[in-house]
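Enquirer: If you read the sequences in order, they're chains A and B.
Take the first sequence: its letters are residues 1 to 298, numbered as in the UniProt record's numbering.
Take the second sequence: its letters are residues 1 to 298, numbered as in the UniProt record's numbering.
In case anyone wonders, no lab produced these hints; they're calculated from the structure.
Note that CB positions come from ideal geometry on N, CA and C, so glycine has one too.
Watch out, some of these pointers could steer you wrong.
[Unchecked claim] Some chain B residues near chain A, calculated using beta-carbon distances under 8 Å:
1. Y52
2. A109
3. P277
4. L278
5. A282
[To be verified] Just a few of them, taken from the derived set where beta-carbon distance is under 8 Å, the chain B residues facing chain A:
6. D16
7. M51
8. R82
9. T83
10. Y108
11. P110
12. L111
13. H119
14. G138
15. T139
16. L276
17. P280
2 protein chains.
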Amino acid sequence: MAFLSGLSAFPITPIDLDGRVDTAALKRLVARLCIAGVDSIGLLGSTGTYMYLSREERRRALDATIEEANGVPVVAGVGALRTDEAVRLAQDAKAAGAAAGLLAAVSYAPLTEDEVFEHFSTVARKSGLPIVIYDNPGTTHFRFTAVLVERLAQVPGIVAIKNPTEKAEEIASHLGQQRSATPKGFSIGYSGDWNAAQAMICGADTWYSVLAGILPDVCLRIVRAAQNGDAEEALRIDASLAPIWELFKRFSSLRTVYTMADLLGVCRAEPPRPILPLPPFAKEQVAHCLTLLEQDLA
Amino acid sequence: MAFLSGLSAFPITPIDLDGRVDTAALKRLVARLCIAGVDSIGLLGSTGTYMYLSREERRRALDATIEEANGVPVVAGVGALRTDEAVRLAQDAKAAGAAAGLLAAVSYAPLTEDEVFEHFSTVARKSGLPIVIYDNPGTTHFRFTAVLVERLAQVPGIVAIKNPTEKAEEIASHLGQQRSATPKGFSIGYSGDWNAAQAMICGADTWYSVLAGILPDVCLRIVRAAQNGDAEEALRIDASLAPIWELFKRFSSLRTVYTMADLLGVCRAEPPRPILPLPPFAKEQVAHCLTLLEQDLA
Chain A
1 MAFLSGLSAF PITPIDLDGR VDTAALKRLV ARLCIAGVDS IGLLGSTGTY MYLSREERRR
61 ALDATIEEAN GVPVVAGVGA LRTDEAVRLA QDAKAAGAAA GLLAAVSYAP LTEDEVFEHF
121 STVARKSGLP IVIYDNPGTT HFRFTAVLVE RLAQVPGIVA IKNPTEKAEE IASHLGQQRS
181 ATPKGFSIGY SGDWNAAQAM ICGADTWYSV LAGILPDVCL RIVRAAQNGD AEEALRIDAS
241 LAPIWELFKR FSSLRTVYTM ADLLGVCRAE PPRPILPLPP FAKEQVAHCL TLLEQDLA
Chain B
1 MAFLSGLSAF PITPIDLDGR VDTAALKRLV ARLCIAGVDS IGLLGSTGTY MYLSREERRR
61 ALDATIEEAN GVPVVAGVGA LRTDEAVRLA QDAKAAGAAA GLLAAVSYAP LTEDEVFEHF
121 STVARKSGLP IVIYDNPGTT HFRFTAVLVE RLAQVPGIVA IKNPTEKAEE IASHLGQQRS
181 ATPKGFSIGY SGDWNAAQAM ICGADTWYSV LAGILPDVCL RIVRAAQNGD AEEALRIDAS
241 LAPIWELFKR FSSLRTVYTM ADLLGVCRAE PPRPILPLPP FAKEQVAHCL TLLEQDLA
């Protein structure tokens, strides 16, 4: 499960106003990640606005990415409101050559634990795609209990979990409890970029990173320092990103990285409506942060 | 806006395991509502699992309902994650002959107030369908502020609001504040069946009712008593429904009314997966409640 360790970088999925994926722009984003040397590409995550894309457009994004990634493993979002749809998306991802599928407990009607268990088991069983539990209460409003994670980790084909942000001081105990409740080899990772350095220092397998989707180099330096046992260096680089974490918290990481992609000249895509691009005053703050970061890392 | 007053009854949308609408079963449900004399039919609400149905299936459900309703106004759910999709669904509903569209702030990425304002304004403007603001934080996790409702109520074509459950003792002040912040003729209604009698007694225009989708007669008796100023009678009938409100709170109204439709011999549909039918012990409790209610109302 080496592909479910290290840095998993989540790019945006550039689309036009009709929701059609701009595969040329997507390939530019993916190429940056491959050149940087990320450990996997997290395509069609929440940052990749998977829930706003049709099955056909998700397939087009997958094909373009896997072609451009040239062997770098692609972990693809396969979540959907309906179980049969999630199964089809996971089958598509497997057929396209994805290494694993990220499955969130997407819901409209709030779901029970048993319903989520059945949903995940069915997708894993019917698709044959290795499944990463995507615990994202900020978007799904479903909360995985420790008991449910333990049950799911025993299901054949469910191989990893992407945990939401934990408070920095609680990561070590959260990670320890989850390790002891899941099988050997089950990959445990975290999102929430601002506490990910701490998670990697504590021994998490993977950082599922939004920022790495647009600024992979600096994120890789944190991950490699943590993997080499140099906590001090990991925290030093992480501290230089503090202004960016503030932007993420204030304007959302999703809206912020769209602006960054524009400012860096990678692509000028806008998020799918109703999500709006950041207003000019916020864009200025993002530009200022990028300039500071450049100086800091120079 | 007479169709946005009184009792709006929300039936389930019976589907098969592939998500295809069983129009014969839907027509049976709609016929019961028309015979009872409800004031409007709330098709494709949350209880009608609109978010789990394709555009084509929503169209089929609309056509079957409007044909069967034979002049009873149909208020149809037109919510979607993407603005362009919600516009198309509202255009479909208008073309099919719906009287109004119910629009919820469906989200995956959490939305800002400005984004929701743009989303609603765009759907109203581009569809020409009268829009009911569907405030349902239990499913969308978006909370409409009083300020946002006031802004939206000034948009041409936004004609009504379906409020979520308020505590019984807070309905009068909530309703008073919303009346004073919205134009004359703007229809104010409530869902949350267990406090709806109180809302109607306080002078709300509409009860958007899940229970009325399967048991319209008893709900109509409450509404007519409230409309006639007989609060005592409205509360007396409402009290007889207390065991049902407990089922709704414990098992969710959605799952409970599927079981009721089966027990009453109307249809044997199951909710779209991952939502599961109630387990046998719960089904027994629903059956027991229906028996009690029959005796009580006999």
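Enquirer: Against each hint, give a clear statement of whether it holds in the structure.
Expert: Checked hints:
Here the hint on Y52(B) is kept, as its CB sits about 5 Å from the closest CB of chain A, short of 8 Å. A hinted interface residue such as A109(B) counts as satisfied when its beta carbon comes closer than 8 Å to some beta carbon of chain A; here the least separation is about 6 Å, so the hint holds. Restraint check, P277(B) versus chain A: the minimum CB separation of about 11 Å is more than 8 Å; hint violated. For the restraint placing L278(B) at the interface with chain A, the shortest Cβ-Cβ distance is roughly 10 Å, beyond the 8 Å limit, so the hint is violated.
With a cut of 8 Å, the hint placing A282(B) at the interface with chain A is violated, because the nearest CB-to-CB distance is about 11 Å. The beta carbon of D16(B) is not positioned within 8 Å of any beta carbon in chain A (closest approach about 11 Å), and the interface hint is therefore violated. Given hint, M51(B) at the interface with chain A, holds; its Cβ is 4 Å from that chain's nearest Cβ, closer than 8 Å. Interface hint status for R82(B): upheld, as the beta-carbon distance to the closest one in chain A is roughly 5 Å, under 8 Å.
Checking T83(B) against chain A by beta carbon gives a least distance of about 4 Å; that is within 8 Å, so the hint holds. Hint on Y108(B) holds. Least Cβ distance to chain A is approximately 4 Å, under the 8 Å limit. Against a cut-off of 8 Å between C-beta atoms, the interface hint on P110(B) holds, since the closest Cβ of chain A lies about 7 Å away. At about 6 Å, the closest approach between the beta carbon of L111(B) and any beta carbon in chain A falls short of 8 Å, and the interface hint on this residue holds.
Here the hint on H119(B) is kept, as its CB sits about 4 Å from the closest CB of chain A, short of 8 Å. Against a cut-off of 8 Å between C-beta atoms, the interface hint on G138(B) holds, since the closest Cβ of chain A lies about 7 Å away. Satisfaction of the interface hint for T139(B) is found here, the shortest Cβ-Cβ separation to chain A being roughly 5 Å, below the 8 Å cut-off. With a cut of 8 Å, the hint placing L276(B) at the interface with chain A holds, because the nearest CB-to-CB distance is about 5 Å.
With a least beta-carbon distance of about 14 Å to chain A, the hint placing P280(B) at the interface is violated under the 8 Å criterion.
When each numbered hint is compared with the structure, violations occur for hints 3, 4, 5, 6, 17.
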